[in-house]
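S.K.: From just these sequences and the hints, can you work out the full model?
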Amino acid sequence: MHGPAAKMEADKAAAKKSKLGVTLFIVYTLLYSGFVMIGLFNPELLGVHVIGKQNLSIVYGFGLIVLAIVMGFIYNAICTRMEDKMNIK
Amino acid sequence: MIYDVSIWAIIIFVVFVGSVLGLSFYFARKTKSASGYYAAGGNIHWGVNGIAFAGDYLSAASFLGICGMIAFSGYDGFLYSIGYLAGWVVALFLVAEPLKRLGKYTFTDALDARFNSKSIKLTASISTLIVSVFYLIPQMVGAGDLVVPLLGLPHYAGVLIVGTIVIFIVATAGMTSTTYVQFIKGALLIVFSTILTIYILNNGLTLNPGEKYHEFIKVGAVVEDQKLVGITDSTYSLKESVTVEGKYTFVSLEKNEVVRWFKLSGDSSYLEEMLSISVADDGTTLYNGEPKSAQKFYQVGHLTKIVVDGVEVDKTGPLGPFKFLSTMENSELIRFTKKAMPNKNTTVWYPTPTSGRDMINPGLLYKVSTKAGATFWTKMNFVSLMLALFLGTSALPHILIRYYTVSSQRAARKSTIVAIAAIGFFYMLTLYMGLGASVNGVLDVESSNMSGPLLAKYFGIGLFSIISAIAFATVLGTVSGLIVASSGAIAHDFMDKYLNMKMDDRKKVKAGKIAAFGVGIFAILLGILFKGMNVSFLVGLAFAVAASANLPAILFLLFWEKTTAKGIAFSIVTGILSSVFIILLSPSMYERYGLLKSAAPIPLDNPGIISIPLSALVLVVVSLLSQKDNKSKVENYHND
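In order, the protein sequences belong to chains A and B. 1030 is the number that my numbering gives the last residue of the first sequence; the numbers go up by one with no jumps. 649 is the number that my numbering gives the last residue of the second sequence; the numbers go up by one with no jumps.
Note that these hints are calculated values from the structure, not bench results. Hints should not be assumed to be uniformly reliable.
[Stated by the list, open to error] Cut-off 30 Å, straight-line C-alpha distance, at most; resulting in silico cross-link-like pairs (BS3-like, lysine-lysine):
| id | chain 1 | residue 1 | chain 2 | residue 2 |
| --- | --- | --- | --- | --- |
| 1 | A | Lys-960 | B | Lys-575 |
| 2 | A | Lys-960 | B | Lys-571 |
| 3 | A | Lys-960 | B | Lys-637 |
| 4 | A | Lys-957 | B | Lys-571 |
| 5 | B | Lys-324 | A | Lys-994 |
| 6 | A | Lys-953 | B | Lys-571 |
| 7 | B | Lys-314 | A | Lys-994 |
| 8 | A | Lys-994 | B | Lys-376 |
| 9 | B | Lys-332 | A | Lys-994 |
| 10 | B | Lys-380 | A | Lys-994 |
| 11 | B | Lys-388 | A | Lys-994 |
Bear in mind the structure is a predicted one, so any value in this text is a computation, not a measurement.
M.R.: Dropping the structure here:
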């Protein structure tokens, strides 16, 4: 079962998974860039309280970390379903 | 800083290292094939591999470096946490599965799968080596830093210990034992960081970080015409007064034949004690005017004001994770800022009142606000750092080889997600550990790297011993992974594939072990040579070089049909040369050469923003010019 590409079974879901991956990547990249852009053009905004008594730096920073985890789980769930559905022999 | 060595620390350390070695012996007997050596036989469980990813990734830079940076510079250290984690999104969504599909043992295999090109084999193996060596140096330096307080040994002894153990681990069992070492260490690091964070929150915030904390002396100043003419305390005698950068007045005062340095306060009303290290004319080093053994070089960092719900208090008692941050924001603390005095062999750290608000917003290290004096280039530094961190992760060879230890693409994906969850959780804790270290009087101004472990010491010697042993194992594991990656680049990519030496399985493993031994010795030398260098600095460098050299190659290969072998090879070379060139001419390096920062020809500390696009551009141009080469390429990726 291990190792080289050639021995691995063809994955019919590859193209669809790749498309989903690219979409999610773009979404995350935009949000990440948003954080960098605020830091660049309006850093004062990061000090503003947004939720409870937490400022935007904390909420956005923690948000990016939590979002990566959540998107990872969603991606895995969808991919696993696609693989199970499309790779039936 | 001088530390007392604890017998517990030594026992826990020995047990830890002993178990790691025992594990290696166990797996060594099982590892015979090349696939076993370089890719752990491709049968590691995805859950184990995921935590091992976390173990690989949470190196000395994350635990020691980020916590230290947050402790000294607040939120700007946390930017590393955000960027390092975001890098995994690139790995998961774009790189993990295709790379698993294309490769066998190494990242070079994957890049070369469609082309079978000599130039790719050569450039990619060199790039793997360069990035791994850049990454190795800070790990070895970190190991040296750790053994000083832990075992009371000198720096070079730590480097030697790590080097010897790692060579042993790698040379015996390769990727299998490396994987299990990483798994155990990754899991322990996360568990004990959580425990440390619980201690921090339970302890809350307090104005008094303990009985032993040094109360910094204040002496009244007599100032006439903006010049210091005398002091109000007659037990001190005024020695000399130095003006630095036209705005700071540093004064030395003598009492009982001990000379200490003070700083004139902003309103010129008093002199405030600083920390200082001076080299006397006879070559001895004095810490706050006395020999090191007098233990007068204090640990620092404390709060001066705590406000809870609009009321000032002395201490808060236990706080929840959110309340901790909002209380921190309304508080004020003292950080210590380093200044080297011109024409004197003295370095001082002066107390700098800092608002909690500044600590939990970016800006103390990377100036982004124009109001705070940000320039175009300081802003570019910030963007460049965030770009290199985002794109660096999925270009690190020792991370990429971990995709070959699992059995399938699905397992590759799942282990990436386990890694993201574990690493993400850990990075959220770094903010608490860093801020906790900044206010509990534990900081050693000589080495920010020790902030996390020293905070653990504040809560008890047992916790300190365990955390330090884990940190040491962290270095062991990461160095093992890097050496496996390097030995793969030399034995598999270069000797077997590029030189076409046609080695059989046994020879390939033997060549890998010899290569591991060589790289290990080299790493030991570099670790001793680079003593005192900042751990995060070099890791940031490794990320920038990796992102510039490898990432355009990987992404274009996967997503652009017209990519050619020549395009990839030229892009890798451009990425390495441009990023290293910019680093060597950067202000930070100029400071290291002993030159003026402002004399650096390129006012950028992180090369990513120039070298990554440049490398991508070269790939596109060269590929378009060499399209005819692509007619013969091996089609196995798009035919899935």
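S.K.: For the pair supplied as a hint, Lys-953 (chain A) and Lys-571 (chain B), is the alpha-carbon distance within the 30 Å limit?
M.R.: Holds, because 23 Å separates the two Cα atoms, which is no more than 30 Å.
S.K.: Just to be careful, I want the Cα atoms of Lys-388 (chain B) and Lys-994 (chain A) compared with a cutoff of 30 Å; is the pair within it?
M.R.: holds (28 Å)
S.K.: For the pair we were handed, Lys-960 (chain A) and Lys-571 (chain B), check the Cα-Cα distance against 30 Å.
M.R.: Roughly 19 Å separates the two Cα atoms, so the pair holds.
S.K.: For the pair supplied as a hint, Lys-380 (chain B) and Lys-994 (chain A), confirm whether the alpha-carbon distance does not exceed 30 Å.
M.R.: holds (24 Å)
S.K.: Regarding the pair Lys-960 (chain A) and Lys-637 (chain B), is the alpha-carbon distance no greater than 30 Å?
M.R.: The hint holds at about 28 Å.
S.K.: Is the Cα-Cα distance between Lys-957 (chain A) and Lys-571 (chain B) 30 Å or less?
M.R.: holds (21 Å)
S.K.: Between the alpha carbons of Lys-994 (chain A) and Lys-376 (chain B), is the straight-line distance 30 Å or under?
M.R.: holds (24 Å)
S.K.: Given the hint that Lys-324 (chain B) pairs with Lys-994 (chain A), does the C-alpha gap stay at or below 30 Å?
M.R.: Holds, at about 20 Å.
S.K.: Taking 30 Å as the top limit, are the C-alpha atoms of Lys-960 (chain A) and Lys-575 (chain B) close enough?
M.R.: Holds - the C-alpha atoms of Lys-575 (chain B) and Lys-960 (chain A) are around 27 Å apart, at most 30 Å.
S.K.: Below or equal to 30 Å on CA atoms is what counts here, so check Lys-314 (chain B) against Lys-994 (chain A).
M.R.: holds (18 Å)
S.K.: When you check the alpha-carbon spacing of Lys-332 (chain B) and Lys-994 (chain A), does it fall within 30 Å?
M.R.: This hinted pair holds, its Cα atoms lying about 8 Å apart.
Hint violations for this structure: none, all hints satisfied.
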